[in-house]
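Given chain A, put chain B in place with the hints provided.
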Amino acid sequence: MSESEFSIIGQPLPSIDARVKVTGEAKYVEDLKMPGMLYGKTLRSPIAHGRILRVDTSKAKRIVGVKCVVTAKDSPRIKYGRIVADELILAEDKVRFVGDEVAAVAAVDKDTAEEAVAMIRVEYEELPAVFDPEEAMAPGAPLVHEAANNIAFKIQLSRGDVQKGLGSADIVVQERFEAPMVHPAYLEPVGCVAFYDAYGVLTVWLPFQKLFPVRSLLSRALNMPAGKIRIIQPMVGGAFGGKIDQKPPAVLSLLALKTQKPVQMVNTRDEEFIAGRGRVASKIDLTMGIKKDGTVVAKRTRVIADNGAYSSNAPATLNTMAIRPDNMYRFQNLETEAFLVYTNKLPSTAFRGFGNPQMTFALESMLDILAEKAGMDPVELRLKNVSKTGDVTAHGWKIRSGGLQECIERASREIGWKEKRGKRIPHRGLGIACMIHVSGGRTAGNFDGSSAFMKLNEDGNFDLLIGEGDIGQGARTVFAQIAAEVLHVGVHNINISVADTAMTPFCDGASASRITFVGGNAVKAAAEAVREKILDVAAEMLEASKEELLVKKGTVSVKKSEGRTASFVEIASFALNRKGGYPIMEKGTFDADDEKVHPQTRYGNYSGAYPFAAHIAEVEVDVETGKVNILNYVAAHDLGRVINPMAAEGQVFGGVAQGIGYALTEEMTFREGKITNPSFSDYKVMSAESMPPVKPIFVETIDPAGPFGAKGLGEPTLVPVPPAIANAIYDAVGVRMKTLPMTPEKILRGLEELKQKS
Amino acid sequence: MKKKVKLKVNVNGDWIDKEVDPRTTLLDFLRDHLGYTGTKRGCDEGDCGACTVLVEGKPVNSCLFLAAKAHRKKVLTIEGLQKDGKLHPLQEAFIQHGAVQCGFCTPGMILTAKALLDQNSHPTESEVRKGIAGNLCRCTGYHQIVEAILSLGGVHE
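For the record, the sequence lines run as chains A and B. Residues in the first sequence are numbered consecutively from 10, following my numbering. Residues in the second sequence are numbered consecutively from 586, following my numbering.
Chain A on its own, in the form it takes in the complex (with noise of 0.2 Å):
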């Protein structure tokens, strides 16, 4: 592919929403003022179990200024979910975790709005509660829920014949790896205004990623035609997969229905850790056999997730922790048994990764292991055993371009693995991992679409309106990009709606890695049938046939025929102003080839489009106190086609700075269900300081159905950061850590116990 192919895809286009957010005009959620607006406040439960024996609202309904006070009681409850309904807007009978929502409030201002909920007095029964997946799934464990036991969701395939592949094993491994809950810590707090008009109609201005998935929820939850819900993104101020589904805008539209006011309601920090949904924790048992020559015959999996109170996003993460990574290498024997189970915790959700990071430590933490016992390099291992453009994985998966052995090869190449492991030096170490990832896919339904409108305008520019939205990643620039590549326009010829579901067409939304591929593709469809349209009506215009007609810069023109040019401006025109005119205004739709896995056995081609990588870390340890330095970092991504250098290399600083805060800083610690460290003083995010330099590298595959070959990218950059650490630790001064975060305390007690042993 010649460097000219195009104009503005793979151009580092600054983002087209960069200037708005560097003065400060850019409006966020709580940055929204409306006339009259009132002010939420929730009433959380204090105990992480318990019977709700009694709530008395009286005294808060008497504070000057309080405009509702609404409960159970004024809400349809009617029990609701992304994939398991088992949620209540508000808690009715029962708590069951520290921060359960039970009473909210709405007031003149939010000082009046806290002293009315502390006002609410609730009386509790306090229930027996547990707070470990393994001790909730043992018979005689308090029940979360109504029901038989605890297990919320269960995963259960096989591929292959495991104790076949356990059989022709030289070397069995079984190990345990665990990784606790940690938060997408955005820096913008969830928040929301809503307001109930005249018209009946409910509308939400709300920074989340999947519009027309909370409004499906909401309707439910409110029991309410979702036509009648009318949801709008402000800027976004981070979400990673935090604001996939949380309970704020639930309970404002209980308060705006009620008021028939304006109402906004923001997290405090607090707030959004005791309450704030973060990744699921899991314990991964995982049994691997390979052969001499490093070929893996055999996998078998058990993982125990920590589900939380309400099941939220945590099925579907599930069900990737159980097939996912097996992908990335030709493995044929399989076997998976999953269980997400119910604890008196916060509910879990989405994180980036989206349960891939969960497994992959586990996965690539054990490749390492095993790498030693057949005495092979960790490189030569993986290379062994990767799948490659053209196969079908166990699981079903279709690869139909497939970069790893060239990321990891490049990566190897770029940090010096050979000569560095040929030349060692005390306490320093090389840690690799692989991941693959998806590009969209169908684990929470059978939508995986998206489409875009697009319009020309009388002065030549472009409408597009598409409502996956940006969540800060740049989405919308993107978009530009691939309509403007289409049109042979600049970028600022391309004007893109905010994401509205009254405005917008239905898509999925941000999640999965699936808006450049998915959405992009829609856009591309979109700009492409505009196109068409436009030569449609300047082959009348010029009397031309289409096929003779160039399109460049803004204009049409027959191409063996100089001087017989029409602008955008002019066709536009034409189009419009005469009798039975007509705006060129077009529609684009895309859903990818991937397919509805099949509920039992699981197997099927999850996505339209695989997106591979391959990170290598190289780290010091200060085994006085146990301190990782991580000295070098290379992350090699096969993204099939960088659209936009600039961007694509942001997504991989930040991935890779969420990925280090996994492997060595984050963890959400609770006591009695109780979180302990709610604040960023004590939940310890990446700093400029603390971060090492990054490498990005990027595997161009030119994926057959990507937009201009492009695939997914947000999510793969932070899913194999643990275990490349873990394996550099490892290899640095001996320790295997299989539990993260990867804390100095954890490195020495490592530490000890090699010198005890030796």
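If you are wondering where the hints come from, they were derived from the structure by calculation, not from laboratory data. A few of these clues could be false.
Unchecked claim - Calculated lysine-lysine pairs in the DSS-like style (CA-CA distance at most 25 Å, straight line): (1) A:Lys119 with B:Lys603; (2) A:Lys119 with B:Lys588; (3) B:Lys715 with B:Lys668; (4) B:Lys659 with A:Lys119; (5) A:Lys596 with A:Lys561; (6) B:Lys668 with A:Lys36; (7) A:Lys588 with A:Lys561; (8) A:Lys42 with B:Lys589; (9) B:Lys593 with A:Lys704; (10) A:Lys270 with A:Lys68.
Quick look at chain B alone, frame taken from chain A:
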């Protein structure tokens, strides 16, 4: 009625007279009383730096800083950075280097960087990283932010 205090503050070049509850933070004063919503509330407890503004040229967490303490002082928010419709070089650099993703940390980050560059016009990379260490960003991993700041006279090590 709660007793109010009289306040005279220069915000972005304009002197403003207001009466406020003495407990009002500078963050609430700027956002709720004056409409300077470019100053962001990320944690309201001084941990994230999103609410950073400059008081007499020095960066402060406006969520922990009482408005009354800004009496007779000059406050600069992100809205006051551009002059005559022209962006400040830091704003331009953040755009050009891809230093902005979700943008929620951006106003505080840019103001912290301004104070840093005003003090030290040729900072090294580690000085820049140290200087902005109190401003959390969850999207960018900081690399492009550091590059943007360094592009204005900084020194690569």
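How the hints compare with the structure:
1. A:Lys119 with B:Lys603: holds (20 Å)
2. A:Lys119 with B:Lys588: Holds - the C-alpha atoms of Lys588 (chain B) and Lys119 (chain A) are around 19 Å apart, at most 25 Å.
3. B:Lys715 with B:Lys668: violated (28 Å)
4. B:Lys659 with A:Lys119: Roughly 28 Å separates the two Cα atoms, so the pair is violated.
5. A:Lys596 with A:Lys561: holds (22 Å)
6. B:Lys668 with A:Lys36: Given pair Lys668 (chain B), Lys36 (chain A) holds - Cα atoms ~21 Å apart, limit 25 Å.
7. A:Lys588 with A:Lys561: The hint is violated at about 28 Å.
8. A:Lys42 with B:Lys589: At roughly 24 Å apart (the allowed maximum being 25 Å), Lys589 (chain B) and Lys42 (chain A) satisfy the hint.
9. B:Lys593 with A:Lys704: violated (49 Å)
10. A:Lys270 with A:Lys68: holds (22 Å)
In this structure, the earlier hints numbered 3, 4, 7 and 9 are contradicted, and the remaining ones agree with it.
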